[in-house]
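Q: Residue strings, one per chain:
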Amino acid sequence: MATLKDVSQCVLDGDMDEVKVLVQQLIDDGTDPISIINDGLIAGMNIVAPLFKSGEMFVPEVMESADTMNEGMKIVKPLITDDDIPSKGKIIIGTVNGDLHDIGKNLTVMMMESRGYTVIDLGVDIKEEDFTAAIKKHNPDIVGMSSLLTTTMMKMDSTIKQLVKDGVRGKVKVIIGGAPITQEFADDIGADGYSEDASTAVELCDRMMIA
Amino acid sequence: MSIKFDKLAYSNLNDFVYGSSPKPITTKSGMVIGGGQIYPEINFTLPGMDVNDTTIKKATTIYSNIIDGVLKRASELYAPGVLVEFETLPDFTEHPKYGIEVNRILLNAMKEASEKHGLKTAIRTTPNDLREFSRPPIMRSGKYWDTMLELFTQVAKDGSDFISIESTGGKEVHDDALVKADIRKAIFALGVLGCNDMEFLWKHLIDIADANNCFGAGDSACGFANTAMVLAEKGFIPHVFAAVIRVTAVPRALVAFEQGAVGPSKDCAYEGPYIKAMTGCPIGMEGKSAAGAHLSPIGNIAAAVADTWSNESIQQVKLLSEMAPVVAMEQLIYDCRLMNAATDKGQQILFRDLLVDSDAALDVQAYVLRPDVVMRISAELVKTQDNFLRTKMAAKLTVQELKKAINEGKVKSDRRDMKWLDKMDKAIDTIPDDPNEFYEQMKSELDMEKFIPSEYGLK
Chain C
17 MATLKDVSQC VLDGDMDEVK VLVQQLIDDG TDPISIINDG LIAGMNIVAP LFKSGEMFVP
77 EVMESADTMN EGMKIVKPLI TDDDIPSKGK IIIGTVNGDL HDIGKNLTVM MMESRGYTVI
137 DLGVDIKEED FTAAIKKHNP DIVGMSSLLT TTMMKMDSTI KQLVKDGVRG KVKVIIGGAP
197 ITQEFADDIG ADGYSEDAST AVELCDRMMI A
Chain G
292 MSIKFDKLAY SNLNDFVYGS SPKPITTKSG MVIGGGQIYP EINFTLPGMD VNDTTIKKAT
352 TIYSNIIDGV LKRASELYAP GVLVEFETLP DFTEHPKYGI EVNRILLNAM KEASEKHGLK
412 TAIRTTPNDL REFSRPPIMR SGKYWDTMLE LFTQVAKDGS DFISIESTGG KEVHDDALVK
472 ADIRKAIFAL GVLGCNDMEF LWKHLIDIAD ANNCFGAGDS ACGFANTAMV LAEKGFIPHV
532 FAAVIRVTAV PRALVAFEQG AVGPSKDCAY EGPYIKAMTG CPIGMEGKSA AGAHLSPIGN
592 IAAAVADTWS NESIQQVKLL SEMAPVVAME QLIYDCRLMN AATDKGQQIL FRDLLVDSDA
652 ALDVQAYVLR PDVVMRISAE LVKTQDNFLR TKMAAKLTVQ ELKKAINEGK VKSDRRDMKW
712 LDKMDKAIDT IPDDPNEFYE QMKSELDMEK FIPSEYGLK
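First to last, the protein sequences are chains C and G.
For the first sequence, the residue numbers in the numbering used here are 17 to 227.
For the second sequence, the residue numbers in the numbering used here are 292 to 750.
Just so you know, these hints were derived from the structure itself, not from any lab.
Warning: the hint list may mix true and false statements.
[Said to hold, decoys possible] To spell it out: a stretch of chain C is covered by chain G in this simulated footprint if at least three of its residues, at any positions, have a beta carbon under 8 Å from a beta carbon of chain G; those stretches are:
1) 20 to 26
2) 65 to 79
3) 138 to 150
4) 169 to 179
Since this is a predicted model, take the numbers as computed values, not measurements.
Cβ atoms here follow ideal geometry from the backbone N, Cα and C, with glycine treated the same way.
Excised from the complex, chain C in its bound form (with noise of 0.2 Å):
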């Protein structure tokens, strides 16, 4: 008999086949979806994040429980409404105006929707408008901006006078990263928020949605 115990061990071990027929037989059995989704898928990324953080697991393998994760939502997510499937927070997150480095924000945004974030990746070269528009349309928690260049580390500091402008600065809070970035660049420019990679990344949400 499955147990969600089993399900976690499956996103553990990156096994897609074995978490489809886990998660069905849960739901054969009457388990609630949302302990399924909880107790069982992203429970076992929360088991993944911290191996990743010291070192124990790599990207790829991250990946592959993620992506097993993501199968055995699949299946889920059907017998759920929008509005009950469990998310910690919504984020938008985007590479700024002028910059096309994307790896290191693709690692962030698999990180934090493996963590059980909504996310909405605006791509790169966002232009300061764009993150604007993408707050009103989204009304997300967080928004996240990257940048690899000293020439384009200054547009994380527009586009935040930008969302000053526009009035939505204050519905939410901005984090920054990036090769240039420093706490310090984060403080001058009245970030509220900066983190090192993708995985602090995830953890500085966490403390922001407390905050």
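Got chain C; can you put chain G on it based on the hints?
A: Showing chain G alone in chain C's frame:
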């Protein structure tokens, strides 16, 4: 018509050394790159700032200050010559007038330094590959293609000695391959997409170079293999995967030389030693000297067979002693002075081997840059002229080389490395020899919203 490289450029491992190459290049100022001594190659960038019509004057002033500072220091330290790299920021390629203006500022400063101090200099101008600004990228036409060629053409006309690029053809697929440590996808991205694009791109760049008394110097798999190296350094992907990618990127880099590039290959092209072994052309490299830009596990070994020695890039910021580019210039000059002194005393092989031995056993990414490993793998790669097959072969041979080295205790490894090498070995064996057949296999795994097949000559 492509140049064929069907035999190694070296028959003796002890000829494979820094500063010297079978096909040296003489610059307009008389520097002979690969002619017996290694030259410093200085690269620099702006501090954090917006670049637009309002700020361009400030930006050009900064570049002017940088070049004056570094050339003054080079003269003070009696540098035998300096290769200056102007690696443009995207704004400077997107708006060619900016890039042209700065390139002219650098050329003028170099001319003054020659007249005032007798300092020999040459400049490598490296515009950005703007094509990735389109998502999915448009690789063979359009405003980004035209704009970047406009900059290449004018800087060559204005007197740049070398033109280079860090081209990105195939990167949109390779990025996915990296984060998933998917060697099949990486081989497709490098061996099919990358090689196809390099042939197209470098034919055009060589035409520009030839028409303007300029050299097409070479490209870099920076967005592929260096991204892998940085991800490995962060612990995101296995070091063995990054090491295999390093060598897998070699055939793609070779395409530039088949089209007529002559070197020195780009500083961040750590696949350079393989290029030098196969073509005999000089190479630029960077290692410990590039720590201001990024960290790496190959700080010393990177210099072992280099012909120019670079700092990758450094911002114009004040350190305790001086502005950072001036500091970088000094560090490069001293590194080169030491290596050249060893050569003058006939000790270049010993010095080379010290550079190699200090790093090679400590990381698999350093191990694959050992001159003997480079020669061994390169000797196999030149047996075919098919760059897709070379790419597949490069991956397979590197996996085998690393398995042997780890089993024999010749290189430090992670307890998980053999698992990843076995995984790659099996995956490589599933790849057919026919690139079209491979493409058909890969179609179901490719995100067709991210790349356009026809932009790579595929259907």
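Q: Evaluate each hint against the coordinates.
A: Evaluated hints:
1. Requiring three or more residues with a Cβ within less than 8 Å of a Cβ of chain G, the coverage given for the stretch 20 to 26 of chain C is violated, as only 0 such residues are present.
2. Counting residues of the stretch 65 to 79 of chain C whose CB lies closer than 8 Å to any CB of chain G gives 5, so the stated coverage by that chain holds, three being the minimum.
3. With 3 residues having a Cβ less than 8 Å from any Cβ of chain G, the stretch 138 to 150 of chain C passes the three-residue criterion, so the hint holds.
4. Evaluation of the coverage hint for the stretch 169 to 179 of chain C: fulfilled, as 4 residues show C-beta separations to chain G shorter than 8 Å, against a requirement of three.
Hint 1 from the earlier list is the only one contradicted by this structure; the remaining hints agree with it.
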